[in-house]
Amino acid sequence: MEAGKTNKPKKRDRIGVILYVFYVFMLLMSIVLIGGIVYIQLFFRPDKAIVEALTPNDQIRKIDPVRGNIYDCNGKLLAISCPSYQFYMDCTVLKDRNKPEEEEAWLDKAKELSKALADELKDKSADQYYKSIVEGRNKGNKYLRLTRKVDYDTRNRIVEFPLFREGRFKSGMIEVRTDVRQYPYGELARRTIGFVRDNSSDVANTHIGLEGKFDYILHGTQGREYLRRTDRGRVVNSDSVRVQAVDGKDLHTTLNIDYQEIADKALREQIENEEDLEGSCMVIMETATGAIRAMVNLVRDPKSGKWGEYQNVAIGRKAEPGSVFKTVTLMSVLNDGYITSLEQTLPATDGKVEGTSIRDEHIPQFARQHSTNRISVLDGFKISSNYVFAKLAVDNYGKKGGTDGTERFLANIYNYKLGDAFDFDLDGLQTPTIPNPGTRYWTNTDLGTMGYGYSTEETPLHILTFYNAIANKGKMMKPYLVEGPSILNSAVCTKAVADTLTRALKAVTEEGTARRLKDAKCSVAGKTGTSFGTFSNGQYFDAQGRRKYQGTFVGFFPADNPQYSIICMVYSYPTKKSFQGGGIPARAIRTVIDKVYDIDPCFREEIGGKRKKNK
Amino acid sequence: MKTWKISDIGVLLKNSFTAIMKGEFLLRLNVGKYFIHIIYTFLLFALIIWVSLMVETTMAKVESQKAQIRELKIINSQKVYELAETTRRSEVDKRLESLGSQVGEREERAVKLN
Chain A
41 MEAGKTNKPK KRDRIGVILY VFYVFMLLMS IVLIGGIVYI QLFFRPDKAI
91 VEALTPNDQI RKIDPVRGNI YDCNGKLLAI SCPSYQFYMD CTVLKDRNKP
141 EEEEAWLDKA KELSKALADE LKDKSADQYY KSIVEGRNKG NKYLRLTRKV
191 DYDTRNRIVE FPLFREGRFK SGMIEVRTDV RQYPYGELAR RTIGFVRDNS
241 SDVANTHIGL EGKFDYILHG TQGREYLRRT DRGRVVNSDS VRVQAVDGKD
291 LHTTLNIDYQ EIADKALREQ IENEEDLEGS CMVIMETATG AIRAMVNLVR
341 DPKSGKWGEY QNVAIGRKAE PGSVFKTVTL MSVLNDGYIT SLEQTLPATD
391 GKVEGTSIRD EHIPQFARQH STNRISVLDG FKISSNYVFA KLAVDNYGKK
441 GGTDGTERFL ANIYNYKLGD AFDFDLDGLQ TPTIPNPGTR YWTNTDLGTM
491 GYGYSTEETP LHILTFYNAI ANKGKMMKPY LVEGPSILNS AVCTKAVADT
541 LTRALKAVTE EGTARRLKDA KCSVAGKTGT SFGTFSNGQY FDAQGRRKYQ
591 GTFVGFFPAD NPQYSIICMV YSYPTKKSFQ GGGIPARAIR TVIDKVYDID
641 PCFREEIGGK RKKNK
Chain B
2 MKTWKISDIG VLLKNSFTAI MKGEFLLRLN VGKYFIHIIY TFLLFALIIW
52 VSLMVETTMA KVESQKAQIR ELKIINSQKV YELAETTRRS EVDKRLESLG
102 SQVGEREERA VKLN
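Sequence order for the protein chains is A and B. Numbering-wise, the numbering used here comes out as the position in the first sequence, counting from 1, plus 40. Numbering-wise, the numbering used here comes out as the position in the second sequence, counting from 1, plus 1.
Please note that the accuracy of each hint is not assured.
To be verified - In silico lysine-lysine, DSS-like type, Cα no more than 27 angstroms apart, as pairs: (1) A:Lys305 with B:Lys95; (2) B:Lys95 with A:Lys346; (3) B:Lys113 with A:Lys116; (4) B:Lys80 with A:Lys189; (5) A:Lys171 with A:Lys189; (6) B:Lys80 with A:Lys289; (7) A:Lys546 with A:Lys535; (8) A:Lys616 with A:Lys346; (9) A:Lys116 with B:Lys74; (10) A:Lys149 with A:Lys179; (11) A:Lys155 with A:Lys135; (12) A:Lys515 with A:Lys535; (13) A:Lys561 with A:Lys305; (14) B:Lys113 with A:Lys561; (15) B:Lys95 with A:Lys561; (16) B:Lys74 with A:Lys189; (17) A:Lys102 with B:Lys67; (18) A:Lys139 with A:Lys171; (19) A:Lys162 with B:Lys80; (20) A:Lys210 with A:Lys149; (21) A:Lys135 with A:Lys164; (22) B:Lys74 with A:Lys102; (23) A:Lys102 with A:Lys189; (24) A:Lys440 with A:Lys392; (25) A:Lys358 with A:Lys617; (26) B:Lys62 with A:Lys102; (27) B:Lys67 with A:Lys189; (28) A:Lys289 with B:Lys74; (29) B:Lys95 with A:Lys162; (30) A:Lys116 with B:Lys95; (31) B:Lys67 with A:Lys289; (32) B:Lys80 with A:Lys116.
No wet-lab data here; the hints were simulated from the structure.
Produce the complete structure using the sequences and hints provided.
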């Protein structure tokens, strides 16, 4: 190389020089760039405000799961999540940049917008809308709530209104979307279905209804994904972890929304004009399975006086059940063999039960009317005699000859599942109160009063479950709304005892205190019950002689081939009016039975083959 | 055997800098025979950038289609809700009445022909 070297100066061509200059330029730029990178990475400390402004604030996108729907037994939709939209306005938009004539034009468009909003929403006048916008603009309000929540179709119309159609940077329109839980049947079964505002609301502390109890199924699992900013907007960053959202599962309930509406309407018709009533409930249960087909809970709102589903009375209110408990006593004495026939008689003289303070004034009246001094168990059941059932309890389970059958009677009650709160598909089922002879509160009278439904406290659902067991020939099914049928007690009584009890219950509706049900479209077996609530003075009436009534009817239909069990209970404020089980509850149930009989497929008449008769 | 000195590093850096300034760095390294590979590598880089841009375009499309699906789901849930509302017994009664229909609630149980 050295040998070939000449002293002749090197001649550079022009293109080579240009390329060389370009090369040097690029080289310098690359040095600057590399230097810049090193500086930014190691030494540069930007202003925090700049970092906040330039860093995308939602790098992580939460993927909300869709909350599961709730359906009735026929697949009718009871609850669904739908989006709702609310419009706000940044009233200060373009305010500082507008020239006077532009400001005037903006306000003119705002006036047109106000008119369109008033026409669409019909909740405020155009002037009111316009006034709020102008006030907001003057006060510098950047988040004026302009509309109530609206549905998707209305939202689509609103975004096309004058001013709004120019986009958010010119109109100041802010649109907020939330998924709201919607209930197509409104108030129907609201307490049973429950309530959530939207899927993101925490329902952990408000386990109301199926929405609350089965939130873990309905809610689903939130997912997340990372986004990166591109020239074409934000896109999913495929290099990052993505957690798929798992939508909530649908819930299929046993409710039949048609029956629910029938029951709701029938009950409302009866209670709407009764100002002294405080609350009521009605439950329809399928006999064979324990599936609850309707659960109406109507309680009066103390402020507005309107009836609504504010409290689950059927499971959450326990009280002395009254005469509907006489069937428990009757089953107990039949099961234990203390009586073998409903025609067995007891003395009917002064109506006093020995060893207790119980005295039934209806017995002397019965004796006079029937010219007799004996009363049969069946007659006592038909006229709902307290004396007969107190005597049955005291004579058969009271202390005699050194033995005490009280524990046995109580054991029977527990065996009939009237002493415990069983596991139910809704939270809040009350535990019944059964007195304990071991406590100092126990008196000699308690056994007798228990015999006819006092001294104990039961929820309507417990009572219905017991009567359903009679309808089911002794097999006690657990009431359920979602989980599926299960047995609480495979034999609370023998089939023969169940048949005997059915005969007694039929007699009540045909000749007894529930005669209103005699002419129902199908035969009904059931029992009325009326009880009085206690006041703070320990009495069953207050200083003005007013009573707190609880009237109940519980039974099943058709009596000979039961398909459904039903209970209706109403309770009152202190009143001088009377609310008996044979009154409002029996009337409401009659309406329900007649309507259900017309529409339920199991009651249809078959022609052409074997004729099926349920009546 | 040649021994290395600290000053050799200085010479190396100086020679490299001179070579870079003259645009002869790669030739000095004698990697001319790998020129095609270097070009290929650059082509691959260009391809990766191009594919990334394509992926970005596709992802943007996916996002817009997701938004459309969300919109359709909203419409679906809204319609399902509205449909469910109309199946309420009292609502059906009202509609029949407003249409002047004689059809009302069934007053007798159904008959099944076998």
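Hint check:
A threshold of 27 angstroms between alpha carbons decides the hint, and for Lys305 (chain A) with Lys95 (chain B) the separation of about 15 angstroms falls inside it, so the pair holds. Among the hinted pairs, Lys95 (chain B) with Lys346 (chain A) is consistent with the structure: their alpha-carbon atoms are about 23 angstroms apart, no more than 27 angstroms. The straight-line distance between the Cα atoms of Lys113 (chain B) and Lys116 (chain A) is roughly 24 angstroms, inside the 27 angstroms bound, and the hint therefore holds. This hinted pair checks out: Lys80 (chain B) and Lys189 (chain A) have alpha carbons roughly 17 angstroms apart, not beyond 27 angstroms.
Of the supplied pair hints, the one linking Lys171 (chain A) and Lys189 (chain A) holds, its CA atoms being roughly 20 angstroms apart against a limit of 27 angstroms. Between Lys80 (chain B) and Lys289 (chain A), the direct Cα distance comes to roughly 20 angstroms. Compliance with the 27 angstroms bound is thereby established for this hinted pair. Taken as a hint, the Lys546 (chain A) and Lys535 (chain A) pair is honoured in the structure, with Cα atoms around 16 angstroms apart against an allowance of 27 angstroms. This hinted pair checks out: Lys616 (chain A) and Lys346 (chain A) have alpha carbons roughly 22 angstroms apart, not beyond 27 angstroms.
Between Lys116 (chain A) and Lys74 (chain B) the alpha-carbon distance is near 19 angstroms, which keeps this suggested pair within the 27 angstroms criterion. A distance of roughly 19 angstroms separates the Cα atoms of Lys149 (chain A) and Lys179 (chain A); the hinted pair therefore holds under the 27 angstroms criterion. A threshold of 27 angstroms between alpha carbons decides the hint, and for Lys155 (chain A) with Lys135 (chain A) the separation of about 21 angstroms falls inside it, so the pair holds. With a C-alpha separation of about 9 angstroms, the suggested pair Lys515 (chain A) and Lys535 (chain A) falls inside the 27 angstroms cut-off, and the hint holds.
At roughly 18 angstroms between alpha-carbon atoms, Lys561 (chain A) and Lys305 (chain A) fall within 27 angstroms of each other, so this suggested pair holds. For a cut-off of 27 angstroms, the pair hint linking Lys113 (chain B) to Lys561 (chain A) stands: about 18 angstroms separates their Cα positions. The straight-line distance between the Cα atoms of Lys95 (chain B) and Lys561 (chain A) is roughly 26 angstroms, inside the 27 angstroms bound, and the hint therefore holds. As the CA atoms of Lys74 (chain B) and Lys189 (chain A) are separated by approximately 19 angstroms, the hinted pair is consistent with the 27 angstroms bound.
With a C-alpha separation of about 15 angstroms, the suggested pair Lys102 (chain A) and Lys67 (chain B) falls inside the 27 angstroms cut-off, and the hint holds. Simply put, Lys139 (chain A) and Lys171 (chain A) have alpha-carbon atoms about 21 angstroms apart, close enough for the 27 angstroms limit, and the pair holds. Taking the CA atoms of Lys162 (chain A) and Lys80 (chain B), the gap is about 23 angstroms. The hint holds against a cut of 27 angstroms. Distance restraint check for Lys210 (chain A) and Lys149 (chain A): the Cα-Cα separation of roughly 11 angstroms lies within the 27 angstroms cut-off, and the hinted pair is therefore satisfied.
Distance hint between Lys135 (chain A) and Lys164 (chain A) is fulfilled; the C-alpha atoms sit about 25 angstroms from each other, no more than 27 angstroms. Restraint check for Lys74 (chain B) and Lys102 (chain A): the C-alpha separation of about 18 angstroms stays at or below 27 angstroms, so the hint holds. At most 27 angstroms may separate the alpha-carbon atoms for a hinted pair to count; Lys102 (chain A) and Lys189 (chain A) meet this at roughly 23 angstroms. At roughly 18 angstroms between alpha-carbon atoms, Lys440 (chain A) and Lys392 (chain A) fall within 27 angstroms of each other, so this suggested pair holds.
Note on Lys358 (chain A) and Lys617 (chain A): the hinted pairing holds, with a Cα-Cα distance of about 22 angstroms set against a maximum of 27 angstroms. A C-alpha spacing of about 20 angstroms is found between Lys62 (chain B) and Lys102 (chain A), which places the hinted pair at or below 27 angstroms, so the restraint holds. Straight-line distance between C-alpha atoms of Lys67 (chain B) and Lys189 (chain A) comes to about 24 angstroms, which keeps the hinted pair within the 27 angstroms bound. Our distance criterion of 27 angstroms between C-alpha atoms is met by Lys289 (chain A) and Lys74 (chain B), whose separation comes to about 16 angstroms.
Only pairs whose Cα atoms come within 27 angstroms are accepted, and Lys95 (chain B) paired with Lys162 (chain A) is accepted, the gap being roughly 23 angstroms. Proximity of Lys116 (chain A) to Lys95 (chain B) is assessed by CA-CA distance (about 19 angstroms); at most 27 angstroms being required, the pair is judged to hold. Under the criterion of a C-alpha separation no larger than 27 angstroms, the hint pairing Lys67 (chain B) with Lys289 (chain A) is consistent with the structure, at around 22 angstroms. At roughly 14 angstroms between alpha-carbon atoms, Lys80 (chain B) and Lys116 (chain A) fall within 27 angstroms of each other, so this suggested pair holds.
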